[in-house]
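Novice: Sequence:
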Amino acid sequence: MDESVLRLHPGDALQLQALQGDDHRLCVKVIGYLPGRSLLVTTPTHHGKVMIMREGQPFVARVMVGNRVVGFNTTIVRSCARPYPYLHLAYPQEMEQIVVRQAQRIGVHLFASVVNDNPDYRRDKPQAATIVDLSTTGALVVAGEQLGEVGDAVVLNCSVKVAGIDRLLAIPALVRNVHREQSGDVALNDGYHHGLQFDIEDEHDAVTLHAFVYEHIARSLSE
Numbered sequence: 000m001d002e003s004v005l006r007l008h009p010g011d012a013l014q015l016q017a018l019q020g021d022d023h024r025l026c027v028k029v030i031g032y033l034p035g036r037s038l039l040v041t042t043p044t045h046h047g048k049v050m051i052m053r054e055g056q057p058f059v060a061r062v063m064v065g066n067r068v069v070g071f072n073t074t075i076v077r078s079c080a081r082p083y084p085y086l087h088l089a090y091p092q093e094m095e096q097i098v099v100r101q102a103q104r105i106g107v108h109l110f111a112s113v114v115n116d117n118p119d120y121r122r123d124k125p126q127a128a129t130i131v132d133l134s135t136t137g138a139l140v141v142a143g144e145q146l147g148e149v150g151d152a153v154v155l156n157c158s159v160k161v162a163g164i165d166r167l168l169a170i171p172a173l174v175r176n177v178h179r180e181q182s183g184d185v186a187l188n189d190g191y192h193h194g195l196q197f198d199i200e201d202e203h204d205a206v207t208l209h210a211f212v213y214e215h216i217a218r219s220l221s222e
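Quick note on numbering: the sequence shown equals residues 0 to 222 in numbering that gives the first Met the number 0.
To be clear, the hints were calculated from the coordinates, so they are not data collected in a lab.
Keep in mind it's a predicted model, so treat the numbers as computed, not measured.
Check before you lean on any hint, since a few could be wrong.
The calculated DMTMM-like cross-link candidates involving lysine to aspartate or glutamate, where the alpha carbons are at most 20 Å apart (straight line), are [said to hold, decoys possible]:
| id | residue 1 | residue 2 |
| --- | --- | --- |
| 1 | Lys160 | Glu202 |
| 2 | Lys124 | Glu148 |
| 3 | Lys28 | Asp165 |
| 4 | Lys124 | Asp151 |
| 5 | Lys160 | Asp11 |
| 6 | Lys160 | Glu144 |
| 7 | Lys28 | Asp204 |
| 8 | Lys160 | Asp119 |
| 9 | Lys28 | Glu54 |
| 10 | Lys28 | Glu200 |
| 11 | Lys160 | Glu180 |
| 12 | Lys124 | Glu95 |
| 13 | Lys48 | Asp198 |
| 14 | Lys160 | Asp204 |
I would like the entire structure built from these sequences, with the hints used as guidance.
Specialist: Here you go:
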């Protein structure tokens with residue numbers, strides 16, 4: 000196997016899905032690895048408590064490596080408690096990988112709010128909206144009224160769940176296009192559609208957004 004395929008770094012997020020039982024996905028972080036021997040990851044937690052992991056239990060692991068989703072079968076070789084809970088996973092013998100486009104979009108339904116500095120669209124409180132399409136570089140946002148004009152600078156506020164934890168995002172963006180949909184069917188996202196281009200400066204928000212998008216991509220590839 001080409002060792003260059005698995006270029007992981009400490010702190011990288013890795014997803015584990017049991018081969019037997021439910022399809023619940025566990026999120027862990029990479030500690031390190033020794034090629035051909037084992038991969039060290041944190042022990043998953045549930046509601047803040049360390050989960051009991053059985054040695055020999057088989058999993059499918061998925062991880063983002065650059066712009067690729069890499070998947071492989073593994074088992075728990077050893078579950079360790081000291082000096083902190085961590086797992087030795089069997090080093091993969093074979094791996095599959097899929098290249099992800101940089102701006103690959105995911106379909107979502109996220110409640111959000113938008114703040115616009117344009118005096119014509121400034122309100123006393125953020126305007127409610129729904130994110131229906133999202134990527135690491137932009138979003139399609141639907142609202143009952145127009146939120147701005149093309150070229151306006153706005154801030155998109157929303158909450159996303161990453162590794163089971165809710166995280167708040169405040170993303171600066173530019174309005175790139177606006178149009179109105181009037182099909183009469185609420186399910187078809189009637190209202191004003193706003194194409195936003197992100198201009199993220201906060202490193203934490205950038206990492207969170209990438210993790211959320213890639214987690215959804217990895218999940219869709221496993222279904």
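Novice: Please list, smallest to largest, the hint numbers that this structure does not respect.
Specialist: 6, 8, 10, 11, 12 and 13
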